[in-house]
Amino acid sequence: MTFNQLTIKEALDALTSGSLKIEKLYQDLDLSIQDKNKLYNIYLNFNTDAKKEAKLLENTQLKGLPIAVKDNFCSKNLPTTASSKILENFIPQYESTVTKRLQKAGGVIVGKTNLDAWAHGSSTETSDFGPTLNPRNPDHLPGGSSGGSAAAVAADLCLAAIASETAGSIRQPAAWCGTVGLKPSYGRVSRFGVIAMASSMDTPGVISKTVEDACLVLNSFAGPDSRDATCYQNPAPDFSKFLDQDIKGLKIGLIYHDLEGLEEVNEKLAQELAVLSQLGAKVEKVQALDPHHAIAVYTVVQRAEVSSNLARFDGVRYGKDRAFFGDEAKRRIMLGTFILSKGYAEQYYNLAQKVRTLYLNDFAQLFKKYDVLVSPSSPGFAKKLDASAGSPMFGELEDILLEASSISGLPGISVPYYRDPQSNLFLGANFVAAMWREDLAIKVADAFEKNTKWNTWRNR
Amino acid sequence: MSENNYQLVCGLEIHSELKTKSKMFCACKNDPFAAGKPNIHTCPVCLGMPGGLPLANKKAIEWTIKIGLALNCQINLFSKFDRKNYFYPDLPKGYQISQHDIPFCHDGFLDTSQGRVRIQRIHLEEDTAKLIHQNNYTLIDFNRSGVPLVEIVTETDIKNAQQAKEYAQKLRQILRYLDVADCDMEKGGMRLEANISLKKKTDPDGFLPNYKVECKNINSFRFMEMAINYEMERQAKLLDQGQTPKQETRGFSAESGKTFSQRAKEEAEDYRYFPDPDLPPIEFEPAEIAQIKQELVELPDQYAARLSEEHQLSLDLAQRLVKNKKRAEFFEQLLILAKREKIESKKIINTLLNKKIDYHLSDDPKNTIEEYKKLNELEEMSPEIITELIKELLQENQDVVEKYQSGKTEVLAFLIGQSMKKIAKKVDVNLVKKVLLDQLNN
Amino acid sequence: MSKKQVDQNQIKDIAKLAHIPISDIESQQLAKDFAKTLAVVDQLKTADVSRIDSTHQVTAFKNVTREDKVDESLSFTQAEALANAPQQKDGFFLVPKVLTTEDN
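Chains as they are written, first to last, in numbering that gives the first Met the number 0: chain A, 0 to 459; chain B, 0 to 441; chain C, 0 to 103.
Rather than coming from a laboratory, the hints here were simulated on the basis of the structure.
Each hint should be verified, as a subset may be incorrect.
Stated by the list, open to error - No more than 27 Å apart at the CA atoms, straight line, and that leaves these computed lysine-lysine pairs for DSSO-like:
1) B:K36 with C:K88
2) A:K341 with C:K15
3) C:K31 with A:K341
4) C:K68 with B:K20
5) B:K186 with B:K292
6) B:K257 with B:K199
7) A:K37 with A:K319
8) C:K31 with B:K18
9) C:K68 with A:K103
10) B:K433 with B:K372
11) B:K257 with B:K129
12) A:K341 with C:K44
13) C:K44 with A:K353
14) A:K267 with A:K247
15) C:K96 with B:K257
16) B:K20 with B:K324
17) C:K11 with B:K28
18) B:K424 with B:K354
19) B:K186 with B:K18
20) C:K68 with B:K292
21) A:K341 with B:K211
22) C:K31 with A:K383
23) C:K11 with A:K84
24) B:K345 with B:K325
25) B:K373 with B:K355
26) A:K99 with A:K240
27) A:K20 with A:K50
28) C:K96 with B:K83
29) C:K88 with A:K319
30) A:K84 with C:K88
31) A:K284 with A:K368
32) A:K267 with A:K368
33) A:K54 with A:K23
34) C:K15 with B:K211
35) A:K341 with C:K35
36) A:K240 with A:K8
37) A:K281 with A:K367
38) C:K31 with A:K84
39) B:K432 with B:K346
40) A:K341 with B:K345
Only chain A is shown next, with the shape it has when bound in the complex (with noise of 0.2 Å):
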């Protein structure tokens, strides 16, 4: 084993008791990374002072940890391209809030991970720079938008990554992955620096090994930013703290949706729920409302939304011009014009934002009666290369039981439920829990992966 393949908290565990030097860990990250970057196509641009970063930071929360982050947060002096030849050559003169805190808690940047282009897509097919490979299985695609890095942690190409959720994008990727995805709730973290999707919906989050790294990384960022005002005033807890609990006497609803080519992925995990309900935890089989609408709440308010985020590339203060963008963003920005046009407002947009009410109103239903909801995080496994070509709503239709969280602003962890022994890919569970309840998503999430064998740390 090489020491690019320890969690977050094995590598601090070792730095702090000597047994390992942190350019060590450097080195063998150095060699995974020439290894198999180039083949999976994860890394678009390399942070060369990495190493040099690491060494001064052992006196701090995450040691020079290597890190990796998704290509839409800016990074200051590092080129942030958005996986879009618009930004190819677009260095910015700032920093996200994320990244700068991740880097004062002494998490290093190693590199910044490929994406679909502007984070549109649940594939990592639509970046301008070529798609991202599935680690566990290269023929296959690793999910996305933020497929490169979920791609990046099932490598060991780092030791978690940053990336963000608008509808699925962190969730769906790491359980293509095989990883652990957590969105927290929308609110939870500050958007500032980060490329703008669908204002009302865009999430950084973590893509770890474990849950528990999962929480030691967005300690280091969580909390409030007087730079977003979406951004939760209300101090963030430590997230470690919901580690290794009891979870005896959890209401947990296993959200049923009697669709089409489900029935697989529903039976494997209502099984694999077992081992919650023997931890004392309730499961429930519950009907949670009809996920389409969710879709089409998505597609029409994301797609308006980022034809206005996205008006401001107009090749004038930087980048290229719009000439550029790719089908997939164009294909989006005209759609979310139409949408908020004259005479199409009304029936689209304004009637959307009615139907995003009808969810928040049954979710809180049901978190009057459960404590957390859980669903598969995707309706299969990773899906074969070229899969999303010619289909515009691909991505919503992978993330069908993602979205209804997503629009609702829920935080939800996923984590790996099954793995399939031929093809060696997973299928993960989405823990879903109220707005600002991380607490009780992660307490549940922990103790199925602690209690399970599916996850491939904890159980090499």
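Put chains B and C on the given structure of chain A with help from the hints.
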């Protein structure tokens, strides 16, 4: 003239930059005019960089409410910011953060000498960058991008160009009184736009013409007057010929004194307004609004009325004293002191206004009072000497005496003046007049 | 005009509004893509929202404002502001001559 058959239908849209320390949605310095160099007061927010997020300036919002209250508006207790989406190089985000359906203030008024002008709405938004056009390229300076901008829109109550000018002048005076804006028109701190159309005088009261011409980029009150008058003439000619003036945007040329076509507006641009998801809405408690109202400074009209009553001045004279707040405060202090010293208010005011005494608004009014007293100090002189001197004067001016005695009594003023000159001392002019009349009538 | 169909001409109008340059072929393909997406989105119309308010922000925050203070540490120097400018001159951003005049 054909214009006499038509009635002006005109509304004004006036933008004013607020003089907050920082910009509307970011902490950059609000100092576009005196910056000295371009693009030195920018940041990821006002430069529209990826990931920039707005944070609303509390003071700018309070000041907008102040302006609304000063203009007798209703305040929307719930309000929000909306995105106005369009493309232009001076608009870094590709949208302007503004207000659409729920502006901070609505339904107010401002009274002019020609009647009341109703104010439809007042909203808060951010300013754009400055464009400098050269021969084959355009330069952009973002120092001004994001400066708070208040937009004040009237109903079509403007009856004529003079009223438009008076309205704009009074508005500027109020904004300066509130100390929320400098309204420097030359620097673009205040911008005027007039929407102009004509209807027949015989058309019913609420009738609105089926076209409207927008006149923009007018940077003085005088030019606005000229533009409106020119438009009335131009549109009347077209209407007389049975044509409808084109719905368009026109600019004003100072050289020619005429408006000219800038851009055809066949249909209004689709701004695709939607609530800005980056900015939580604003909600006021009625008590907060009441507090702001209570703390509102006294505005020029009220100030003048009060000075007129308290110090027995004509309203006209009082209005001359309150042109700006500093002036009003100086004169009020002066009048209070004058009252205490039993100096007639009208007298001392006229002395100052006629420049018989030098004064500056930063002077201590106590010193001005002293100067006035000195000026009016009466010197001692025996009545006998006065009588002698006047006798001498009349002997030296027999022709004038004859004129007076033949009925031209207006020459008395000349004689009084000459007497005072001869006496060369500050004596009671009433005494001099009495002595003169005595001698003249004998 | 059928609700579900957005024709090529409309696509071209939208492209103009969105400042996205597209070719004829692209506009044809986009019309097809639109149809697929609108088919999904039209499902919204079956939802009962008769007594429902819109949710524009899930946080329900209000009155988030900042004090009127200048913070130069958050501002760019002129060099930083222009660091990524494709064209600049004497401290200004530069674009080809703008022909029409807009608001302001």
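Against the structure, the hints:
1. B:K36 with C:K88: Cα-Cα ~12 Å, so holds.
2. A:K341 with C:K15: The given pair, whose Cα atoms are some 15 Å apart, holds under the 27 Å limit.
3. C:K31 with A:K341: holds (21 Å)
4. C:K68 with B:K20: Judged against 27 Å, a Cα distance of about 6 Å means the pair holds.
5. B:K186 with B:K292: Not satisfied, since the Cα-Cα distance of roughly 30 Å exceeds 27 Å.
6. B:K257 with B:K199: Holds. B:K257 to B:K199 sits at ~23 Å (cutoff 27 Å).
7. A:K37 with A:K319: holds (26 Å)
8. C:K31 with B:K18: Violated, at about 51 Å.
9. C:K68 with A:K103: holds (25 Å)
10. B:K433 with B:K372: With Cα atoms ~24 Å apart, B:K433 and B:K372 stay inside 27 Å; holds.
11. B:K257 with B:K129: holds (25 Å)
12. A:K341 with C:K44: holds (18 Å)
13. C:K44 with A:K353: holds (11 Å)
14. A:K267 with A:K247: Measuring from Cα to Cα gives roughly 23 Å; hence the hint holds.
15. C:K96 with B:K257: The given pair, whose Cα atoms are some 25 Å apart, holds under the 27 Å limit.
16. B:K20 with B:K324: Given pair B:K20, B:K324 holds - Cα atoms ~21 Å apart, limit 27 Å.
17. C:K11 with B:K28: Violated, at roughly 41 Å.
18. B:K424 with B:K354: holds (21 Å)
19. B:K186 with B:K18: holds (13 Å)
20. C:K68 with B:K292: holds (24 Å)
21. A:K341 with B:K211: The given pair, whose Cα atoms are some 21 Å apart, holds under the 27 Å limit.
22. C:K31 with A:K383: holds (25 Å)
23. C:K11 with A:K84: OK: C:K11 and A:K84 at ~23 Å, within 27 Å.
24. B:K345 with B:K325: holds (20 Å)
25. B:K373 with B:K355: holds (12 Å)
26. A:K99 with A:K240: Holds, at roughly 24 Å.
27. A:K20 with A:K50: Distance ~12 Å between A:K20 and A:K50 Cα, so the pair holds.
28. C:K96 with B:K83: holds (24 Å)
29. C:K88 with A:K319: holds (18 Å)
30. A:K84 with C:K88: holds (25 Å)
31. A:K284 with A:K368: holds (12 Å)
32. A:K267 with A:K368: holds (24 Å)
33. A:K54 with A:K23: Roughly 11 Å between the alpha carbons, so the hint for A:K54 and A:K23 holds.
34. C:K15 with B:K211: OK: C:K15 and B:K211 at ~25 Å, within 27 Å.
35. A:K341 with C:K35: The hint holds at about 21 Å.
36. A:K240 with A:K8: Holds, at about 14 Å.
37. A:K281 with A:K367: holds (15 Å)
38. C:K31 with A:K84: holds (25 Å)
39. B:K432 with B:K346: Distance ~19 Å between B:K432 and B:K346 Cα, so the pair holds.
40. A:K341 with B:K345: Distance ~62 Å between A:K341 and B:K345 Cα, so the pair is violated.
This entry does not satisfy hints 5, 8, 17 and 40, going by the numbered hints stated previously.
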